[in-house]
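2 protein chains.
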Amino acid sequence: MTNEFNQFVSIQLTKNEKNALYVQLYNQIIELIHSRVLAPGYRLPSVRKFSQYLSINPGTVVNAYKELEKSGYVISHGGSGSYIAEKTSLMELDMGTVMADCTLLEEGWENKQNGDMINMRSIALNPDVISIKKFKELVIKVLDRDKGKTFSYEESQGFLPLRESVVTYLKERHVSTSAKNIQVISGAQQGIDIVVRALLNHGDYVFTESPTYPGAIAAFRSAGAKVIDIPMEPDGIDVIKLEKYLQRFRPKLIYVMPILQNPTGISYSIEKRNRFMELMRYYDVCILEDDYLSELSFRTSPLAPLKALDRDDRVIYIKSFSKMFMPGLRLAFLCIPEYLAERILKIKYITDISTSGLTQRVFDLYLREGVWQEHIAHIRKIYKAQFDFAYQVAQHAFSDKVIVQNPQGGLSFWIRLPQKILAKEFCLQAEKNHVYIACGDDFYPRHIDQSHIRISFSLLSLQQVEAGFHILGELIQERM
Amino acid sequence: MTNEFNQFVSIQLTKNEKNALYVQLYNQIIELIHSRVLAPGYRLPSVRKFSQYLSINPGTVVNAYKELEKSGYVISHGGSGSYIAEKTSLMELDMGTVMADCTLLEEGWENKQNGDMINMRSIALNPDVISIKKFKELVIKVLDRDKGKTFSYEESQGFLPLRESVVTYLKERHVSTSAKNIQVISGAQQGIDIVVRALLNHGDYVFTESPTYPGAIAAFRSAGAKVIDIPMEPDGIDVIKLEKYLQRFRPKLIYVMPILQNPTGISYSIEKRNRFMELMRYYDVCILEDDYLSELSFRTSPLAPLKALDRDDRVIYIKSFSKMFMPGLRLAFLCIPEYLAERILKIKYITDISTSGLTQRVFDLYLREGVWQEHIAHIRKIYKAQFDFAYQVAQHAFSDKVIVQNPQGGLSFWIRLPQKILAKEFCLQAEKNHVYIACGDDFYPRHIDQSHIRISFSLLSLQQVEAGFHILGELIQERM
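Residue numbers (numbering that gives the first Met the number 0), protein chains in the order written: chain A, 0 to 479; chain B, 0 to 479.
Honestly, I wouldn't trust all of these hints.
It does not matter which identical chain is used: a pair holds within one copy or between any two.
Here are the computed lysine to aspartate or glutamate pairs in the EDC-like style, where the Cα-Cα straight-line distance is at most 20 Å [claimed, not checked]: (1) K148 with D127; (2) K140 with D127; (3) K146 with D127; (4) K423 with E473.
Calculated from the structure, these hints are not laboratory results.
Chain A extracted, bound-state conformation (with noise of 0.2 Å):
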């Protein structure tokens, strides 16, 4: 029997530990087929022998089978057995997970935003805090100056005016550039979508934090390409396991948030950052760098982005607008290495051919008067109240086995649920007690996490916030 179950000798169940042992069988599977140890078209065991092998419940290896099954990794050929899938099969592109990824922003808050709801999910400022007045005032201004102009077809790239500011936007954030190297795009969501589409082919891998942005898997994902995901550690990714499949797998991409991370709200130390370059470097690896909310950094000031450090050209910076002002602007920029500029011009083009031209001719004024930064100015300011008030309420309302991520600054918290506590029946009992949460396995490409949620205060006034983190830490009590 043993020859038999070579493969499988690292496997480890435990009972006391906090994911169900069909997850932990399910993940470590995983890692062996990704270390190859079970290559393409192995048969795994019959669900009887496994289970006597792991002396463990046989129901236990039929639900490991099915969630690999579900996930792609395994191919059930009816009565003759469960067969690592190809490569391709991994590929298709899984519109049932592209969805799950996508409903967790989807869902408009407003919807939620109802009678006694209190919606903890949705990461967005508060609609109350934009000055609509300046806003009204800079279109007029543009309307009036550029006349139809305003509409007409604006280059692909962006409009020119809007790229020189971005790039004296840039330069005060150590990344100094030229226009013809931005790209204006229609939010970040674009962004990362014509970053794969210019670089990515079918099958090649891409790299991600774990846990990560969901839009960005699902991106990747419908381009057929195989996602990675590194585990994140409190001071940035894992560097040692990014080094052991970076030997392994030859990714084309790796997509990270080097400050405030969606959505640990982890910040990059500095080490980590030399590190994770240095890695780069040495493996020839295109970085896409998401700058997600870096201007809410509030316990230490926020380092350079990545680009800064950009010497060898091999980072795509992209930064949203949208996300400090609001989401439906649909804003974002690209910084890119000269080389790649005429291939996402490209992408670009047939994608939507180019962005509105009234925002980026309004957002143009935004910048060059000096009222963007007048208004980061004031959110953060805001938002820095409502982080300290929200993580004293977190503390004071979470016992101290609940482990709020120690957080520099952002919109949410990552939080790590008691060892009893799944974190999926957990969302589902905090929506019947009218409080919307995000729960932690939306966030990760492959891996079955049960652990985690993550609580937003962006949109909520203070009077939410308190009530929200309340009701939660009762829910908590309760079920320990």
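Let chain A serve as the given structure and place chain B on it in line with the hints.
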């Protein structure tokens, strides 16, 4: 020798034809590939033998082979000869070609409008005909009404009130649908791209009219689809040839513009429409109908869209609002069969999450308050006069050797040059004389066309229209 050339008996080259001999040879070899007389892997005859067999200059064969290689039909293995490409290499995303397709619209007309330049290349409304006053009024109305919410995340499917307004708008055009089958998009190009990504797999066949819109070709190619173009006749697509190809290939999709087709300006006759729909039903093909400029049918009252005849849910209808307003607006919608709605929604989400909320809300008021209908009436009046004038001037400027495709309306003419004049050279010549026109070649996915040009009159004053045609007329005279 006859045996070796069995496959080529159909080849007929005529010296006094419009197209150069190598172009004729190139086009006829492509026909043989499409009709599968020449299979992938087939080795083409050596230049020497083939030129002997055809009684032509070896240089002619060399040139034809080179063109075939450029467009991916043939692969050359150094000394060992030229082979018909495997299907896969035909599908490769050919960024060079995509780029060529794009340049047509990419160059902003603004840049070409300086000084003496007469831009008869771009099709877009003149910015002066847009009422900026009205637009401003409605922007302010929306901002005052919705405040910060104007910029909240919109539903990915689109702002519901706008989708409802679109349903009403469609009812007037004999299309009955509901808001759940409307997908708001950021311009027609995005619509084509999203449909492509939702429906097509690498290697699928797509049919188009020939000539057709280059942005669509670029989107099809970017998905690795193989484009087969079916010739246009004066009353619509060539249904005989269409059926012949339907029997051979199994296209998933056909892309058509049944009213004022771009670039030919042709509208399908009722008989053609009916036969076309019959064929689509019989061969079970999904139709992507791009309603390009139907509002500008001046000679005949336009028929309803094909979508109005869509009894068995196979038509995806794209309507851009940008084209009849200003291209920089980036707003359009898809009317889709219900079974595709979810799939399309997911791709829209991956592409850019949602279309600008401000634009959607303003445009909802345009439709709801009847401003759009007034706008269209205004545009029709102005461009009817422009069209009649341009047609009159063209008749006067060109001899009867120049065939102005009998136009039904729109903003441009599709023109066949006299035999002696090659379109590409003529376009360059015109440019030297400060007149920009579009070369017919750019509108053909595969075939080379040396006969046609497209002349637009949409951005010009009447004086410029007259001057432009005058210059072109003289250039033609000179070359006869």
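| request: List, from low to high, the hint numbers that the structure doesn't satisfy. | output: none
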